[in-house]
Structure formats: structure tokens, C-alpha cells
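Model the full assembly from the supplied sequences, consistent with the hints where possible.
Going by this note's numbering, the residue at position 476 of the sequence shown is 476; the numbering climbs one at a time, nothing skipped.
Everything labelled a hint here was simulated from the structure, so no lab data went into it. Owing to the predicted nature of the structure, the values given are computational and were not obtained by experimental measurement. Be aware that a few hints might be false.
[Said to hold, decoys possible] Within a straight-line C-alpha distance of at most 25 Å, the following computed DMTMM-like cross-link-like pairs (lysine to aspartate or glutamate) qualify:
hint, residue 1, residue 2
1, 575, 516
2, 350, 381
3, 236, 221
[Stated by the list, open to error] Pair ranges (Cβ atoms, derived):
hint, residue 1, residue 2, range
4, 340, 464, 33 to 41 Å
5, 459, 426, 44 to 52 Å
6, 583, 491, 29 to 37 Å
7, 72, 20, 19 to 27 Å
Just so you know, even glycine gets a beta-carbon here, dropped at the ideal spot from N, CA and C.
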Amino acid sequence: MPPSRPASAADIHYRVEPTDLHAHLFTVTLTVQRPTASQELSLPVWIPGSYLVREFSKNLQALAARQGQRALQTVQLDKHRWQVQCTEGKPLVLTYQVCAYDSSVRTAWLDASRGFFNGTSLCLRVHGQETQPHTLELARTAATATWAAATGLKPLDADKHGFGLYLAADYDELVDCPVELGNFWVGRFKACGVAHQFVVAGAAPSFDGKRLLADTQKICETAIRFWHREGKAPFKSYVFMLNAVGDGYGGLEHRNSTALICGRRDLPRQGEARASEGYTTLLGLISHEYFHTWNVKRLRPAEFARYDYAQENYTELLWFFEGFTSYYDDLLLRRAGLLDDAGYLKLLTKTANQVLQAPGRQVQSVAQASFDAWLRYYRPDENTPNSTVSYYTKGALVALCFDLTLRHETEHTLDDAMRALWRRCRGGPMTEGDFAAVMAELGGRSFAREIADWVHGTAELPLKALLESQGVKVLEEPSQLAQTLGLRVAENGGITLKVVLDGGPAAAAGMAAGDEWLGVELPAARTKGSATHTAGWRLTRLDELPLFAGKARRVVALVARDKRLLRLPLVLPEKSTTWRLAPKNGSDAHPWPGR
1 MPPSRPASAA DIHYRVEPTD LHAHLFTVTL TVQRPTASQE LSLPVWIPGS YLVREFSKNL
61 QALAARQGQR ALQTVQLDKH RWQVQCTEGK PLVLTYQVCA YDSSVRTAWL DASRGFFNGT
121 SLCLRVHGQE TQPHTLELAR TAATATWAAA TGLKPLDADK HGFGLYLAAD YDELVDCPVE
181 LGNFWVGRFK ACGVAHQFVV AGAAPSFDGK RLLADTQKIC ETAIRFWHRE GKAPFKSYVF
241 MLNAVGDGYG GLEHRNSTAL ICGRRDLPRQ GEARASEGYT TLLGLISHEY FHTWNVKRLR
301 PAEFARYDYA QENYTELLWF FEGFTSYYDD LLLRRAGLLD DAGYLKLLTK TANQVLQAPG
361 RQVQSVAQAS FDAWLRYYRP DENTPNSTVS YYTKGALVAL CFDLTLRHET EHTLDDAMRA
421 LWRRCRGGPM TEGDFAAVMA ELGGRSFARE IADWVHGTAE LPLKALLESQ GVKVLEEPSQ
481 LAQTLGLRVA ENGGITLKVV LDGGPAAAAG MAAGDEWLGV ELPAARTKGS ATHTAGWRLT
541 RLDELPLFAG KARRVVALVA RDKRLLRLPL VLPEKSTTWR LAPKNGSDAH PWPGR
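So this is what it looks like as C-alpha cells:
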């Protein structure tokens with residue numbers, strides 16, 4: 001018999017129990033107090049914030065239904081929907097298991113040391129009752145007796161370790177509040193009077209939790225005051241859930257929490273005064289996901305006013321919601337005092353070069369990239385840099401261009417535009433037209449041409465002129481060899497071509513992704529007293545090419561493809577350049593990026 005339902009539970013009640021840690025199995029008991037006669041249920045096929053159909057139902061097994069002592073038949077309608085024929089109005093109880101073996105922030109994980117889940121992976125949606133209150137019961141087992149639980153849901157009857165009963169206003173809120181389980185580190189702080197909790201799983205003994213809390217508090221206070229100068233946030237509490245692993249990076253935003261993953265080496269370490277590059281990257285991730293609390297979770301595309309969990313939800317606005325958030329994540333680190341100007345410009349240099357070195361920027365607009373996210377962004381292949389552009393990185397540069405244009409032409413900034421959008425849309429659904437209207441109001445002119453060129457076009461952005469107008473020098477320096485050749489490679493005792501960029505010397509030579517570059521032959525040469533011959537050299541690393549090529553501008557690349565050996569004529573370019581941004585000395589420009 002399934003466990004009894006708590007007296008304070010809502011009509012839609014889930015009991016989640018980590019039943020088999022070694023088999024990675026959660027057991028879920030769903031009680032529907034007032035089902036319809038042909039009650040339909042489904043599991044989402046995607047999770048908001050991660051734009052890919054992930055088919056979470058593939059992990060669901062052993063689904064059974066009953067009313068009282070009577071077992072009922074469940075009929076599967078398609079890949080993610082089921083139907084139960086039952087007596088209308090009489091409590092329906094369903095039990096099932098979910099295999100949780102995805103350690104990312106998007107799905108669910110369970111083993112002997114840690115549990116984590118998003119509701120989109122565990123909680124069947126009860127059709128017709130999505131807007132009713134839902135309760136979630138986190139059940140403790142003998143195997144998890146020492147564990148704690150953390151979630152952004154409102155506790156109704158939870159113990160001091162977090163296990164017990166929680167309330168969600170509706171299904172949307174239920175699945176927008178992930179749950180962390182285990183023996184994690186816990187820290188707390190207040191930002192502008194709002195209680196924040198930070199839980200970290202998997203940290204090494206050197207972890208400096210005090211520093212992480214202090215730096216995160218600065219980020220949160222800067223973000224809250226960015227959106228609300230009076231310092232009043234639109235949420236009552238917030239939870240950061242960070243999983244530290246051997247190697248990993250990522251985050252997923254939620255309405256009053258975020259799930260994060262990073263490498264253990266990137267956490268701050270006790271006794272280290274200077275932030276490592278990895279820790280700065282982690283702070284940027286924290287800043288990014290926290291900024292999303294406003295920009296996409298509340299202010300959001302009109303197409304996301306109501307999520308459709310059964311299929312793709314298309315929008316052309318990810319350049320704004322992901323790109324502008326990517327612009328502000330590092331900018332707010334600078335304003336929070338966690339970066340200086342040089343450190344900020346170093347990060348901006350990286351973003352600019354990522355876009356400028358991708359031929360796809362001349363093929364696809366960021367509006368198209370937003371719409372195509374479901375097909376392209378999460379499924380990169382060897383042609384991705386040639387055919388598409390990132391709505392994260394180019395979107396960030398589009399934000400930069402709008403910001404610097406406002407600063408150059410007016411007394412306003414993009415900060416003013418973001419706050420004006422919040423007020424105009426009342427922290428809710430927005431359209432591109434709302435953005436255009438706000439820009440026109442603040443700029444005193446139409447920005448239709450810029451939106452057409454920068455958002456819907458593929459022309460180069462006016463980055464150099466705008467940066468120089470704000471006291472930033474754009475220096476050109478020699479590119480790395482791989483970029484000069486138009487390659488992205490993997491090196492492990494040999495050279496494997498991962499990507500061949502359109503328009504580069506490697507593409508002109510006929511190289512292809514997947515080729516193994518074995519060596520080079522030099523032009524015929526004559527040595528004293530001998531006949532003409534060709535010198536050949538084995539390559540194991542790309543940086544050996546200049547060593548063996550010497551002053552030669554033409555070589556023959558020896559590559560292996562499908563067990564065939566090919567000789568490809570390769571013309572070595574004189575040089576190529578990459579950007580480096582630096583502040584102008586004695587500049588009297590506006591105080592960007594500090595303002």
C-alpha cells in the first residue's frame with residue numbers, strides 16, 4: 001500500500017522518496033483527490049531555460065494506478081502522456097519510479113552521496129488541474145537519514161533538515177523549484193534584506209565558503225539595486241544550489257533559486273588572496289543566473305507567457321534574454337568590485353573574439369539563432385561555427401552596442417532601458433516592439449535600423465567605433481596558429497581536426513573535420529652534391545608546424561581520412577590578428593563600465 005497522504009496536502013500531492021540509491025531510483029507517489037473519469041497525465045519533454053526536447057519520460061518506469069484497493073489500467077497515449085480510466089471524484093493514487101542518472105542541472109541525479117531533481121523530471125502533470133495548489137513531500141529513508149534538503153518551495157511542515165511538506169501555488173511553480181539532497185555545505189546571508197541560502201555539494205577541504213558568501217552577497221545586492229533602486233526584490237528568499245564536480249560547468253535559472261555546476265578547482269580556496277580565473281568564471285555564472293531571476297523568469301518573451309511542456313516553445317528573443325544577461329553578468333561583477341577595468345575588458349575581449357572568429361556570424365542573425373535554438377545550440381557539430389552564431393555571445397555584443405550608443409548620444413544607458421522595460425511590461429511578458437519603444441523613448445529617435453542590422457541582419461557590429469567612443473582602445477595582435485589556419489583541433493599524441501572554419505587556409509586546402517593531421521612535406525629542395533628531394537616531418541602537436549615549415553609559405557599536409565592517406569596543398573598565411581581591449585590613458589569618456 002502507498003504511504004498515507006498528509007492531512008495538510010493539496011488535492012495534487014507528490015511524495016518523493018529516494019528508494020534505491022545504487023540503482024539511482026526515486027519512487028514517486030502521486031495522489032489526485034478529484035480525478036476526471038478519463039484522467040490524462042504527462043511528463044514534460046523539456047525544461048524552461050534549456051531549449052531542447054530532452055524526453056524526460058524515457059527515465060520513468062513501473063507506472064501503476066489504483067483507487068482504494070482496485071488496480072487500474074494505465075494506457076500510454078504517446079511518448080510522454082498516459083490516461084487512466086477511473087471513478088470520477090474518488091482519490092486516484094499513482095506510483096512510479098524515475099531513474100536519476102544525469103548529473104547536469106537539467107534533469108535528476110541520485111546516488112549514495114547526493115540527490116537532485118527538477119520537477120519536470122519527476123512530477124507528472126495532472127491535465128486540467130495545473131492551476132490548482134500542489135504539495136510536495138520529501139520523504140526521508142534509512143539510507144538518507146543523515147541527509148538534508150534544500151529547495152525554493154514554501155515549507156508547510158518541514159523539519160530542521162528540510163525534509164517534509166512543501167507548497168506550490170500551481171504546477172508551474174512546482175517544477176520551477178528544484179530540490180537538492182545530501183550532506184552539503186550550507187551558508188546564509190542577506191542581500192537588501194532578502195534571505196539567501198547557498199548550498200554546495202562535493203566541495204574539497206580547501207573550499208573557502210566565507211569568501212563565496214561574501215562575493216555572492218555583493219553580486220546579489222548589485223543586481224537587486226540594478227533593477228530596483230529602492231532595493232526591494234520581487235522574491236522573499238533565494239537558494240543557490242552548487243554541485244562541485246571533477247570537471248563541469250553550467251547553470252539553470254529558476255524563479256527564486258538556481259542550480260549550478262562547476263569544477264572543484266574553481267571554488268575559492270582558503271588562504272588564496274587573489275581570485276583564480278576559474279573562480280572569476282564561477283562568479284560570472286552566479287551573476288548570470290541571478291540576473292535571470294528578472295530577465296527571463298519574470299520579464300520574459302510573450303511566447304513564454306504560458307509554457308507548453310509538450311513541445312518546443314519558439315521565440316526570436318533569446319538574443320535579448322540570454323544575450324543581454326550575458327552582457328550584464330560580467331558587467332555587474334565589475335560594478336560589485338569583483339573585477340577591475342582590466343579584468344572586465346579581458347572578459348569582453350574573449351566574447352568579442354569568439355564572435356569575430358566564427359564565420360557563422362555572417363550566415364545567421366541572432367534572431368534566427370534564437371528561433372533555431374531547439375535544433376542547433378544544444379546540438380553542435382563540426383559545421384556549427386560556420387552556419388550559426390551564438391545568441392549568448394553575439395547577443396552580449398548587441399547589448400554592448402545599444403548601451404554604448406545610448407551613452408554616446410544621450411544621458412541614458414542600457415540600464416535605464418532595462419528598468420523601463422520592467423515597468424512597461426510590469427515584470428511580465430514582452431515583445432521586440434516593447435524593446436524598440438523603450439529605446440526610441442530614451443534615445444529620442446527610432447532604433448529600427450539598428451534592430452534590423454544588429455538583431456535581424458548579419459552585418460558586422462560597429463564595435464570598434466563605439467568602444468573607442470568610451471575610452472577603450474581596440475588593439476590587434478597576432479592570432480594563435482589554429483585560428484590563423486582556420487582550425488579547431490584536439491591534441492593527444494596527434495592532431496585531430498574538430499572544426500574547419502569556412503574561408504580559412506585549411507578549408508582551402510581541402511581539410512575536413514575528423515581528419516588526422518599526420519605531418520607535412522616541404523617544397524622540393526636541393527642539397528649540395530645530391531638530387532632534388534622533398535623533406536617530410538611527422539606532426540604530433542600543431543605548434544610544431546612553424547618548426548618544420550621554417551620560412552616556407554607552401555607545404556603539403558599529410559592527413560588520414562577513412563583509412564586513406566591524402567596529400568593536401570596548404571598555403572600558410574602571413575598572419576592573422578585577434579582583438580585585445582585596453583583602456584585609453586587619460587580618457588575623459590563616460591565612466592563605463594563602472595557606471
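How the hints compare with the structure:
no.: 1; hint: 575 with 516; verdict: holds, 24 Å
no.: 2; hint: 350 with 381; verdict: holds, 22 Å
no.: 3; hint: 236 with 221; verdict: holds, 14 Å
no.: 4; hint: 340 with 464: 33 to 41 Å; verdict: violated, 23 Å
no.: 5; hint: 459 with 426: 44 to 52 Å; verdict: violated, 34 Å
no.: 6; hint: 583 with 491: 29 to 37 Å; verdict: holds, 35 Å
no.: 7; hint: 72 with 20: 19 to 27 Å; verdict: holds, 25 Å
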